[in-house]
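Turn these sequences into a full structure, and let the hints guide you.
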Amino acid sequence: MTTTTSPSDRQDSPPGRKTAFIRFLDAVEWLGNLLPHPITLFALFAVSVIVISGIASYFGLSVPDPRPVGAAGRAPDGVIEVFNLMSGDGLRMIVTSLVKNFTGFAPLGTVLVALLGVAIAEHSGLLSAAVRGLVLQASKRTVTVIVVFAGIISNTASELGYVVLIPLAAMIFHSLGRHPIAGLAAAFAGVSGGYSANLLLGTVDPLLSGITESAAHMIDPSYSVGPEVNWFFMIVSTFLITGVGSWVTMKIVEPKLGKYDPSEASVDLTQDKVGTLTDAEKRGLKYAGLAVLGVSAVLALTVVPEWGVLRNPETGLVAGSPFLKGIVSLILVFFAIPGFVYGKVVGTMKNDRDVIDAMAKSMNSMGMYIVLVFFAAQFVAFFKITNLGTIFAVLGADALQSIGLTGPLLFLFFIMMCGFVNLMLGSASAQWAVTAPIFVPMLMLLGYAPEVIQAAYRIGDSVTNVITPMMSYFGLIITFAARYKKDLGMGTLIATMIPYSIFFFIGWTALFFIWVFALGLPVGPGAATYYGG
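If you read the sequence shown in this note's numbering, its first letter stands for residue 1, the second for the next number, and so on.
Because the hints were derived from the structure by calculation, they are not lab data.
Any given hint could be a false lead.
[As the list claims (entries may be wrong)] Capping the alpha-carbon separation at 20 Å, the derived lysine to aspartate or glutamate pairs in EDC-like fashion look like this: (1) K350 - D279; (2) K486 - E81; (3) K486 - D261; (4) K344 - D357; (5) K259 - E81; (6) K325 - D354; (7) K251 - D89; (8) K485 - D261; (9) K100 - D89; (10) K486 - E264; (11) K325 - E314; (12) K485 - E264; (13) K344 - D261; (14) K384 - E81; (15) K259 - D89; (16) K485 - D26; (17) K384 - D26; (18) K344 - D354.
The structure presented is a predicted model; accordingly, all values stated were derived computationally and were not measured.
This is the structure:
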């Protein structure tokens, strides 16, 4: 059962008078922690969706499907209706899909497979030694900036950020005598809150541009939208989010969390140790580094040459290739081999049994997460099959459209609406597939180019990722945080992440208006700002 304390009872708050904003966050945390355990909460969410679907179906809740005729998933009659889970068909769907919802929940397999490799590197001592070697001599500000920046860059392979970087950041902060949840929050903010920012194009770029182009064809059948159309804006956004995320971590999150009490941990934290590297550890890191180079060279041979076996067999390109689709398998190998080499050199791993024990221990620690995923998977699946999320998205879009604004200020409300809808539809592509057919044609008719519309959407889609339980990896983040605070509730995590959402929204929206409307700069190569028809 989650233990809660009122804001006035907190003992770890910084001394001195609290600001109004800190008192607001304390209130959010206190109220949020009054809620049941996250597992119970997801179970209640799932049951609530079933009940709401029955009520909504009884009253005939429906909306016109904004997607063009022939689009994937569009209803034949052009109407999105609620699927009633309280009906006979609904009950049969629940009974037959319960196991499939659980085993098919994307983060489950991703996390467990990747964790097997990470566990070897962790239990051999490689991660601890590498962390100490890299950051113990760095300043507090430098470490924070590196963590947030690495989180943003990891979006190219999102599983790497969620599964590896976020828990590693908590370990880094703890090893430096800082609050580990602050490190977790900083990495989470970069990975998820800065989801659309990056220096490189990722898999989400062609996905979103394809949806945007399809929506633009409703107005101009010849309009083309490439994956690179937001690249310039995403590059500059990377540095903005790094700066804002680092500032929020050091000025708001860490002072609010206060000094960390190791007795709050739910596991043994002795591996997050502080100390200079021994000669054996330095030798182990050297050989582990050579192993990393060897693994990297082998992987490069599979994807860099035109004949690489992990390139896309149909196009010969890296995009859509087995290399990118199988990134989780590569994470397993990338951590397992250097981890074992390090353990062999320093004596922490002598044979295959030590490797097996390390992997088994990591699975033992994931019991709570697996239970949470079962209920979270049912909630997400029920919410999707009932069409409630899609209907709410369309209703929200219609409400924004009814405001009737035509100037650049419309984009402020558009970004806010996208952030709100993201609280219900965690998938960037699913949300854009529903809202793009409404807003892209509407804003094109008002004179704005699809490239700019998509850039604005990506801001709203990113900034609320860190505070919505609908985000696929939210349960995993709670599990990581509970490692350092055993009675952690959903309210604590959300209250910790709210400052990132607020300041990301303010800073990113301001950057958008300055970049696009004040400076008149393109959001990407060859991207137009205005549509002339």
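Verification of the supplied hints:
1. This hinted pair checks out: K350 and D279 have alpha carbons roughly 19 Å apart, not beyond 20 Å.
2. Taken as a hint, the K486 and E81 pair is broken in the structure, with Cα atoms around 42 Å apart against an allowance of 20 Å.
3. Pair hint K486 plus D261 holds up; C-alpha atoms about 11 Å apart against a cutoff of 20 Å.
4. Taken as a hint, the K344 and D357 pair is honoured in the structure, with Cα atoms around 15 Å apart against an allowance of 20 Å.
5. With a C-alpha separation of about 51 Å, the suggested pairing of K259 with E81 is violated against the 20 Å cut-off.
6. A threshold of 20 Å between alpha carbons decides the hint, and for K325 with D354 the separation of about 30 Å lies outside it, so the pair is violated.
7. Restraint check: the Cα-Cα separation between K251 and D89 comes to about 53 Å, which exceeds 20 Å; the hinted pair is violated.
8. Annotation: proposed proximity of K485 to D261 holds, straight-line Cα distance about 9 Å (limit 20 Å).
9. With a C-alpha separation of about 17 Å, the suggested pair K100 and D89 falls inside the 20 Å cut-off, and the hint holds.
10. Proximity of K486 to E264 is assessed by CA-CA distance (about 6 Å); at most 20 Å being required, the pair is judged to hold.
11. This hinted pair checks out: K325 and E314 have alpha carbons roughly 14 Å apart, not beyond 20 Å.
12. At roughly 5 Å between alpha-carbon atoms, K485 and E264 fall within 20 Å of each other, so this suggested pair holds.
13. Between K344 and D261 the alpha-carbon distance is near 34 Å, which puts this suggested pair outside the 20 Å criterion.
14. Among the hinted pairs, K384 with E81 is consistent with the structure: their alpha-carbon atoms are about 12 Å apart, no more than 20 Å.
15. Taken as a hint, the K259 and D89 pair is broken in the structure, with Cα atoms around 53 Å apart against an allowance of 20 Å.
16. Between K485 and D26 the alpha-carbon distance is near 16 Å, which keeps this suggested pair within the 20 Å criterion.
17. Distance restraint check for K384 and D26: the Cα-Cα separation of roughly 33 Å exceeds the 20 Å cut-off, and the hinted pair is therefore not satisfied.
18. Taking the CA atoms of K344 and D354, the gap is near 10 Å; set against the 20 Å cutoff, the hint holds.
The structure fails hints 2, 5, 6, 7, 13, 15, 17 (numbered hints given earlier, in ascending order).
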